[in-house]
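Given only the sequences and the hints, what does the whole structure look like? Please build it.
Residue numbers (the working numbering), protein chains in the order written: chain A, 99 to 367; chain B, 3 to 329; chain C, 5 to 310.
It cannot be assumed that every hint is accurate.
Simulated restraints on C-beta separations [as the list claims (entries may be wrong)]: (1) A:Ala134 to B:Pro99: 56 to 62 Å; (2) C:Leu8 to A:Gln204: 40 to 46 Å; (3) B:Arg118 to A:Ile205: 49 to 55 Å; (4) C:Ala119 to B:Lys168: 30 to 36 Å; (5) A:Ile205 to C:Trp117: 51 to 57 Å; (6) A:His268 to C:Ile73: 51 to 57 Å.
Part of the chain B face toward chain C, derived, beta carbon under 10 Å [as the list claims (entries may be wrong)]: (7) Leu68; (8) Phe70; (9) Val111; (10) Val122; (11) Met134; (12) Phe137; (13) Ala144; (14) Ile258; (15) Phe259; (16) Trp293; (17) Lys294; (18) Ala303.
Hints in this document: simulated from the structure, not taken from any laboratory.
Source: prediction; values computed, not measured.
Quick reminder that beta carbons are idealized off the backbone N, C-alpha and C, glycines included.
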Amino acid sequence: MLSPAFVICWMGADMIDAAKIRPVLQIKGLHKSFGALNVTKDVGLSVNAGEIHALIGPNGAGKTTLIHQIAGLLKPDSGQILFEGQDITAASMPQRARLGLARTFQITSIVPSLSALGNVALAVQAGVDKPLGFWLPVDSDDSLNKPAQALLDIVGLGARAEVIAGRLSHGEKRALEIAMALALKPRAILLDEPMAGMGHEESARLTDLLKSLKGTYAMLLVEHDMEAVFSLADCVSVLVDGHVLATGPADMVRNDPQVRAAYLGDEAF
Amino acid sequence: MSGPLILSGKRSSFWPVVVLCLGLALVPLVAVLTKQGHWVSLTTQMMILALAALSLDLILGIGGLLSFGHAAFIGLGAYTTGILIQEGKGDLFIALPMSLVVSGLFAFVTGIIALRTRGVVFIMITLAFGQMAFFAAQALYAYGGDDGLTLDGRSTLFGLKLLSNKIVFYYLTFFCLAGCLLLLQRLSRARFGRVLLGSRDNAVRMETLGYDVFRVRLVAYVLSGMMAGLAGFLLANHTEFVSPAYAAWQRSGDLIFMVIIGGVGSLWGAVGGALTYLLLEEGLSGLTEHWKVIFGPLIIAFVLLTHGGIEGVVTRVRDLLDGGRHD
Amino acid sequence: MSLLAIQVLNGLQLGLLMFLVAAGLTLVFGVMDFINLAHGVQYMMGAYLAATFIGWSGHFVIGLGMALIGIMVFGLLLERVMFRHLYTRSHLDQVLATFGLILFLNQGVKMVWGAAPLSVPVPEWFQGSVLLGDGILYPVYRFVIIGSGLLMALVLWLVVEKTRLGMLVRAGASNATMLSALGVDVRKLFMVIFAFGTMLAGFAGAMAAPILSVEPGMGDQVLILAFVVIVIGGIGSIRGAFAGALLVGLIDTLARSYSVDFMRLFVGPAAARGIANGLSSMFIYLLMALVLFLRPDGLFPARGRT
Numbered sequence: 099m100l101s102p103a104f105v106i107c108w109m110g111a112d113m114i115d116a117a118k119i120r121p122v123l124q125i126k127g128l129h130k131s132f133g134a135l136n137v138t139k140d141v142g143l144s145v146n147a148g149e150i151h152a153l154i155g156p157n158g159a160g161k162t163t164l165i166h167q168i169a170g171l172l173k174p175d176s177g178q179i180l181f182e183g184q185d186i187t188a189a190s191m192p193q194r195a196r197l198g199l200a201r202t203f204q205i206t207s208i209v210p211s212l213s214a215l216g217n218v219a220l221a222v223q224a225g226v227d228k229p230l231g232f233w234l235p236v237d238s239d240d241s242l243n244k245p246a247q248a249l250l251d252i253v254g255l256g257a258r259a260e261v262i263a264g265r266l267s268h269g270e271k272r273a274l275e276i277a278m279a280l281a282l283k284p285r286a287i288l289l290d291e292p293m294a295g296m297g298h299e300e301s302a303r304l305t306d307l308l309k310s311l312k313g314t315y316a317m318l319l320v321e322h323d324m325e326a327v328f329s330l331a332d333c334v335s336v337l338v339d340g341h342v343l344a345t346g347p348a349d350m351v352r353n354d355p356q357v358r359a360a361y362l363g364d365e366a367f
Numbered sequence: 003m004s005g006p007l008i009l010s011g012k013r014s015s016f017w018p019v020v021v022l023c024l025g026l027a028l029v030p031l032v033a034v035l036t037k038q039g040h041w042v043s044l045t046t047q048m049m050i051l052a053l054a055a056l057s058l059d060l061i062l063g064i065g066g067l068l069s070f071g072h073a074a075f076i077g078l079g080a081y082t083t084g085i086l087i088q089e090g091k092g093d094l095f096i097a098l099p100m101s102l103v104v105s106g107l108f109a110f111v112t113g114i115i116a117l118r119t120r121g122v123v124f125i126m127i128t129l130a131f132g133q134m135a136f137f138a139a140q141a142l143y144a145y146g147g148d149d150g151l152t153l154d155g156r157s158t159l160f161g162l163k164l165l166s167n168k169i170v171f172y173y174l175t176f177f178c179l180a181g182c183l184l185l186l187q188r189l190s191r192a193r194f195g196r197v198l199l200g201s202r203d204n205a206v207r208m209e210t211l212g213y214d215v216f217r218v219r220l221v222a223y224v225l226s227g228m229m230a231g232l233a234g235f236l237l238a239n240h241t242e243f244v245s246p247a248y249a250a251w252q253r254s255g256d257l258i259f260m261v262i263i264g265g266v267g268s269l270w271g272a273v274g275g276a277l278t279y280l281l282l283e284e285g286l287s288g289l290t291e292h293w294k295v296i297f298g299p300l301i302i303a304f305v306l307l308t309h310g311g312i313e314g315v316v317t318r319v320r321d322l323l324d325g326g327r328h329d
Numbered sequence: 005m006s007l008l009a010i011q012v013l014n015g016l017q018l019g020l021l022m023f024l025v026a027a028g029l030t031l032v033f034g035v036m037d038f039i040n041l042a043h044g045v046q047y048m049m050g051a052y053l054a055a056t057f058i059g060w061s062g063h064f065v066i067g068l069g070m071a072l073i074g075i076m077v078f079g080l081l082l083e084r085v086m087f088r089h090l091y092t093r094s095h096l097d098q099v100l101a102t103f104g105l106i107l108f109l110n111q112g113v114k115m116v117w118g119a120a121p122l123s124v125p126v127p128e129w130f131q132g133s134v135l136l137g138d139g140i141l142y143p144v145y146r147f148v149i150i151g152s153g154l155l156m157a158l159v160l161w162l163v164v165e166k167t168r169l170g171m172l173v174r175a176g177a178s179n180a181t182m183l184s185a186l187g188v189d190v191r192k193l194f195m196v197i198f199a200f201g202t203m204l205a206g207f208a209g210a211m212a213a214p215i216l217s218v219e220p221g222m223g224d225q226v227l228i229l230a231f232v233v234i235v236i237g238g239i240g241s242i243r244g245a246f247a248g249a250l251l252v253g254l255i256d257t258l259a260r261s262y263s264v265d266f267m268r269l270f271v272g273p274a275a276a277r278g279i280a281n282g283l284s285s286m287f288i289y290l291l292m293a294l295v296l297f298l299r300p301d302g303l304f305p306a307r308g309r310t
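Printed below as a string of structure tokens:
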């Protein structure tokens with residue numbers, strides 16, 4: 099059976115336009131170079147509503163650079179980034195976040211001096227009516243804390259809400275980042291190696307979490323853990339040397355001889 | 003900034019502030035009863051310094067922005083007040099708002115440029131803007147230039163010379179300080195404070211959450227500049243004198259020292275820091291006219307020996323205190 | 005026209021002195037990420053040591069040489085006792101500790117040499133003036149300053165561009181963590197850079213001693229101007245420091261001289277000088293603000309620095 103997601107994942111930008119399908123996130127002809135070094139070469143890919151599109155590739159292939167460009171931390175030299183049909187190529191990071199594009203970082207990025215609950219509440223706060231009030235204490239603000247606690251429960255940190263975030267374990271911090279991303283009520287989430295540095299058990303737990311979130315959010319997942327990638331992704335793109343070598347449903351990419359030769363090797367299977 | 007400064011929104015600084023305010027409110031009474039009139043004036047001066055240190059603490063302690071030109075705002079407030087008094091428009095309800103407007107405007111314009119930079123460059127730019135204010139004061143030839151300007155008197159209140167009374171002026175200063183303490187105490191624990199704190203720890207993260215970090219910092223910077231401008235207004239009235247030295251970069255250094263010694267980000271600590279500074283100055287200059295020869299090495303020793311600066315000590319102590327609670 | 009020539013020469017001379025101070029500062033910033041407020045007092049110490057040794061030996065060159073050795077020893081001593089412990093600290097700690105050092109040294113020289121300015125005679129060889137045409141005379145010694153400043157700049161350029169040490173310094177300025185990855189003894193490199201920077205600042209102070217008054221606090225203003233220079237030029241960049249220093253030197257001198265003339269159109273001479281002094285000093289900071297607004301990384305950012 100061929101679901102629509104699978105079809106889109108094959109298509110080039112012109113075909114998608116012709117078919118009048120609108121992916122949540124669509125990237126067209128993205129280029130970026132640092133001096134003589136081309137780190138992103140004519141990259142195009144799309145992420146459909148409710149599906150996980152995994153981006154794999156060897157170290158140094160330009161995966162994080164690509165995520166940075168989509169999130170707005172780096173500006174591409176040319177190309178286009180469309181979010182729900184809207185061109186966000188020139189938008190700032192905060193603008194993209196407010197439109198509903200959330201992200202997590204490869205290197206854990208939280209506010210270490212606040213509690214776990216405080217971190218998520220801070221993310222919730224970004225979306226409320228008066229995010230910058232001067233007067234009312236934020237600690238006892240249930241309009242922030244209740245949704246934050248609910249999100250912590252979802253990612254399995256419900257019992258750790260009061261712990262100062264800097265003192266959480268590595269795996270807990272990764273989960274906290276995901277809770278912060280979810281707090282933005284995003285339409286799409288960019289996940290930059292969420293399993294990096296995790297033990298087997300922790301990654302399995304995170305894989306289950308992502309599986310449960312699949313269908314609700316469109317996700318672009320950069321990940322080295324192939325087990326996680328192939329159990330989660332609807333669609334896989336292989337990035338080698340800054341350009342997309344192959345895109346397709348997970349099974350097809352897994353068996354693509356070109357991909358096996360360029361990147362996966364045999365040990366991954 | 004390396005090493006996170008600690009200011010958790012959770013810890014309440016409410017009671018120390020209340021106790022401090024009550025204590026300060028009683029100073030004139032005690033001074034009159036014990037016939038130590040000069041205490042009133044000395045404490046007034048301490049409170050003005052504390053207000054200036056407090057204003058720096060907002061951006062340095064909570065915001066993590068090391069401004070080395072903070073004395074400029076004091077100078078601007080003081081000169082605005084001084085010039086208005088000399089021109090016969092020194093009424094409290096003209097001079098005070100004007101001081102706030104001028105210092106706030108300067109903070110806004112310089113903030114737009116300075117807050118685009120990070121780290122070392124931010125320190126140097128604020129220092130340079132501070133110097134700009136210093137030289138602007140020196141260029142005010144009609145108002146004393148290099149030598150400064152002795153004022154005809156203090157601000158009036160609807161034409162009445164109420165503020166010339168030591169006790170009245172004491173309480174004016176007291177209410178300014180208490181008001182600012184209350185404001186910052188609320189603000190640091192409110193939504194704005196948390197975003198400012200988050201930007202100090204992890205600015206990129208805050209942007210990916212959708213916060214406009216630049217704008218948040220600019221608001222804090224302007225607020226801090228206005229508060230220092232208020233201190234300048236009080237200083238000009240207290241000393242009945244204005245001088246470019248108010249805006250000198252050494253004053254900015256002194257203010258940083260006060261904030262650090264009191265504990266970065268601890269609001270009542272800024273008051274304690276100002277008090278410590280004044281006591282050190284009084285005590286050391288009683289020993290020798292070259293008191294800075296002792297004061298300088300004291301600062302160095304303080305930094306080197308409290309490994310990681312005072313915030314290191316504060317962190318360790320708090321870690322110990324917290325140990326039982328969280329783990 | 006001839007006035008302009010003199011002012012340009014004066015500006016060049018100020019710019020080159022500024023460059024000597026700024027070069028050390030920008031390297032220490034760029035390579036070590038260390039904010040050293042005490043760089044200005046090292047300039048002051050250079051001037052005081054020169055004044056002392058020249059007076060004592062009765063000979064300019066011998067005195068200058070002794071002052072240079074003295075300032076180098078002084079710099080190494082400071083590095084060992086204090087600065088070494090600050091490299092890994094936060095900028096806040098560095099600012100505060102070096103601020104304490106400024107207070108100490110400014111007051112210290114006042115105790116040792118007194119508060120009154122010292123004067124250093126212009127060396128005999130370099131007394132007199134050069135005729136520039138139109139009957140305009142320009143002191144020989146100022147040409148000596150310009151010449152030695154240019155010579156130092158050349159030496160510095162050769163060291164930074166052509167030697168292994170220079171390569172390490174450049175690598176460090178664009179990416180400091182790379183140095184330790186390459187197995188360089190970072191501690192030793194820091195010490196060399198620091199001593200070298202101190203020596204340059206001290207040399208500038210010593211050369212300036214005969215034309216400026218040697219007094220406590222003379223380094224403070226120079227320090228802040230040097231900050232402006234390296235912010236304009238781009239942190240960690242020698243080329244930037246050179247361009248920034250000349251720009252600041254020229255603009256400061258020209259603005260000072262012409263704003264006096266300009267203000268005299270409106271007020272009396274004394275007032276004009278007072279106002280112009282402040283205005284022209286402000287001008288430099290406005291220039292800096294403008295440069296930063298247009299190019300936040302300065303005019304010549306060190307390559308590869310982010």
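Checked hints:
For Ala134 of chain A and Pro99 of chain B, the Cβ-Cβ distance of about 58 Å falls inside the hinted range of 56 to 62 Å, so the restraint holds. The beta-carbon spacing between Leu8 of chain C and Gln204 of chain A, approximately 58 Å, falls outside the hinted interval of 40 to 46 Å. Evaluation of the 49 to 55 Å hint for Arg118 of chain B and Ile205 of chain A yields a failure: the beta carbon distance comes to about 25 Å. A hinted range of 30 to 36 Å holds for the C-beta pair Ala119 of chain C and Lys168 of chain B, which are about 34 Å apart.
The given range of 51 to 57 Å is respected by Ile205 of chain A and Trp117 of chain C, whose C-beta atoms sit roughly 53 Å from each other. Against the hinted window of 51 to 57 Å, the Cβ-Cβ separation of His268 of chain A and Ile73 of chain C comes to about 54 Å, which satisfies the hint. Taking 10 Å as the C-beta contact cut-off toward chain C, the hint placing Leu68 of chain B at the interface holds, the least distance being around 6 Å. Among the interface hints, the one on Phe70 of chain B holds; its C-beta lies about 7 Å from the nearest C-beta in chain C, closer than the 10 Å criterion.
Among the interface hints, the one on Val111 of chain B holds; its C-beta lies about 9 Å from the nearest C-beta in chain C, closer than the 10 Å criterion. Restraint check, Val122 of chain B versus chain C: the minimum CB separation of about 5 Å is within 10 Å; hint holds. The closest approach between the C-beta of Met134 of chain B and any C-beta of chain C is roughly 4 Å, which is under the 10 Å cut-off, so the hint is satisfied. Hint status for Phe137 of chain B: holds, given a least beta-carbon distance of 4 Å to chain C, under 10 Å.
The restraint placing Ala144 of chain B at the interface with chain C holds, with a minimum CB-CB distance near 8 Å, inside the 10 Å limit. Contact between Ile258 of chain B and chain C, as hinted, is supported at the beta carbon level, the nearest pair being about 6 Å apart and thus within 10 Å. Hint status for Phe259 of chain B: holds, given a least beta-carbon distance of 6 Å to chain C, under 10 Å. Taking 10 Å as the C-beta cut-off, the interface hint given for Trp293 of chain B holds, the closest approach to chain C being about 8 Å.
At its closest, the beta carbon of Lys294 of chain B sits 4 Å from a beta carbon of chain C; the interface hint therefore holds under the 10 Å criterion. The interface hint given for Ala303 of chain B holds, since its Cβ lies 8 Å from the closest Cβ of chain C, which is under the 10 Å cut-off.
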